[in-house]
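Q: Okay, here's what each chain looks like letter by letter:
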Amino acid sequence: MGDTITETLAVEVWRGRDEGQFETFEVPHRESQTVLDVVTWIQRNAEPALAYRFACRVGMCGSCAMTVNGRPRWTCRTHVSEVLDGGRLRIEPLANLPRIKDLVCDLTPFFEKWQTARGRFEPSATRHDPMVPVSTESPERRAADAGIECINCAVCYAACDVVRWNPDYVGPAALNRAWTLVNDERDGDRNGVLQAVSQAGGCHSCHTHASCLEHCPVGLNPTAGIAGLKRLTALAAFGGGD
Amino acid sequence: MLEARLYLLQRATALLLAPLVVVHLVVILLAVRGGLSAAEILARTQGSTVWAAFYGVFVIAVALHAPIGLRNLLGEWLGWRDGSRDLAVLVFGLALLGLGLRAVWGVTT
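Residue numbers (our numbering), protein chains in the order written: chain C, 1 to 242; chain F, 1 to 109.
Among these hints, one or two may not hold up.
[Said to hold, decoys possible] Computed Cβ-Cβ distance ranges for the label pairs, DEER-style:
#1 C:Gly70 - F:Trp80: 41 to 49 Å
#2 F:Leu2 - C:Cys56: 50 to 58 Å
#3 F:Gly69 - C:Met131: 46 to 54 Å
#4 F:Asp82 - C:Thr126: 21 to 29 Å
#5 F:Arg44 - C:Gly219: 56 to 64 Å
#6 F:Ala14 - C:Glu112: 55 to 63 Å
#7 C:Lys101 - F:Leu2: 35 to 43 Å
#8 F:Val91 - C:Cys56: 48 to 56 Å
[Stated by the list, open to error] Stretch-level coverage of chain F by chain C, calculated; a stretch enters the list once three of its residues show a Cβ under 8 Å from a Cβ in chain C:
#9 1–9
#10 74–87
Hints are computed from structural coordinates only; laboratory data are not their basis.
Every residue gets a Cβ at the ideal spot worked out from N, C-alpha and C, and that includes glycine.
Next comes chain F alone, as it looks inside the complex (with noise of 0.2 Å):
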């Protein structure tokens, strides 16, 4: 049942990435039309939980997401289906999982 959970979270995460990724982009527009320098930004975000929560949860799910996205096309396109392309994506997942919560921490505390 390897295959149908990783579809199902694969859709489950692209369920809750969509809203989250289009906060992300509204906050980008406004925070940077608004003419906030970085150093404003950072003093918005910083102890703040609720950022830290939403881009924790966003971190989260792009590491589950894109891994088992990149196994199929790693699969369809490259024909690289045995074990150790399932070792390569998942490296991958904990790559995006730790650079994503190191960045999530460094701009909330």
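Pulled out of the complex, with its shape left as it was, chain C reads as follows (with noise of 0.2 Å):
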């Protein structure tokens, strides 16, 4: 980590809520300097009221996600140095949630859609049980595991245009979240997956834009695992399976 001052730079962070408005402030710019570190800086050297959520500060809780000049990012894995643009940095909350104060939005629709798609484990065994082998070569499971390592940060939600058009659109990163359940053999009901996603709002309403793709953080590919339940739910519902 260097320390080295090389300038300064001219950042302009969102204060308030719907209602707000940008204010500026001049931090010394260093080198491996993350936008997460701006932030920190800011709060803790010129106002001590600017709030922000961030917890881990390596990239695996997914809390700090920001607006940092007009892409939805992770900010404690992004560096200044690959987001400047002519010496700005303009950072705002998440876009397509509701802003509490400052860079801090209320995600409660976020995980509230996720529950929506089904997406949490229904077991089908109990402890009790002997444990399931599972075999990680099998399709299924590859396609599970490439889906699994999401951490919930809301970028790709807040990155879609279709959860901008229609707030009952339950997300990517729910029906990625949904995608990995269906493609797990020891959940007790992957049918009942299938039903959640294909509600209004559900699979269907991807318009394959890609942008969660294009903005996943952590390089995970949900426009494919949407693709996957679009083809899993047409055929349950010719098939039989309503």
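Reconstruct the complex from the two isolated chains, following the hints.
A: Structural data, given as structure tokens:
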């Protein structure tokens, strides 16, 4: 970690809730500085009342996502040097979510939609049953593995046009979770997942813009999972899976 | 599973319409460039079960495809997502079906 101050950054930060304005702060630019470092510097040195959210600082917890120069990003793993636009940095809360204060959003709708999409594991056995061997080589397990590292940061949700147009749409993260569950042979109600994602606002609302794929900070492909759900639900809809 | 069925029906009718629309456009271009009059075109279509079947399938596919797309547009652009939207696009689809089949009947019988 270098500490060399090379210049000063002009950082515009959203202050307020739905009504508010950008406030500009002069922040020392350091080597290997992340956007989260910048926000933390402001909160510690310039504006103690600035509200923002973070926890792990290493890209695991998914709590520090914000809109940086117009794009949703995980701020703890976003280097300032990668996103600077003519020496400017504009930081806002995530889009498509209710705002609470400054850079903090209310993620309740995001997580409620995980439930709507039945994005929770339903056990098919108890702890007293023997462990069921799951082949890591099966196509289903591979599909589940490809989507399972989601950190719930809501970057895909903020990047999705369909979420913006249709408040009922459950969004890429919830559908990605549903996709991992229909491919999990240990789940006891995989047909229930297909039912859940076939409601209005489910996987068929997706326009395959692939913004979730483009923006996902951990490199997941929710678009592919949603396409898989469309395939399975189409088969179920005409194959007596009602 | 209504959404899944509508989704699949829209895709299936799109698959069907793609070649039908191409044939439809090519025939129009050839007929007009060939200098056929309306009477000459009608002479070819009247009594033709092939054209009746072609445009009959065409109209049915359109009457299924267009209302589903319109339903999505109304939901996303106007926020109209309740049951009255389904009723409105159903009426729209039946109108397309009625007018279309009437036209097919008119030129093939």
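Q: Any hints from earlier that this structure breaks? Give me their numbers in increasing order, please.
A: 1, 2, 4 and 6
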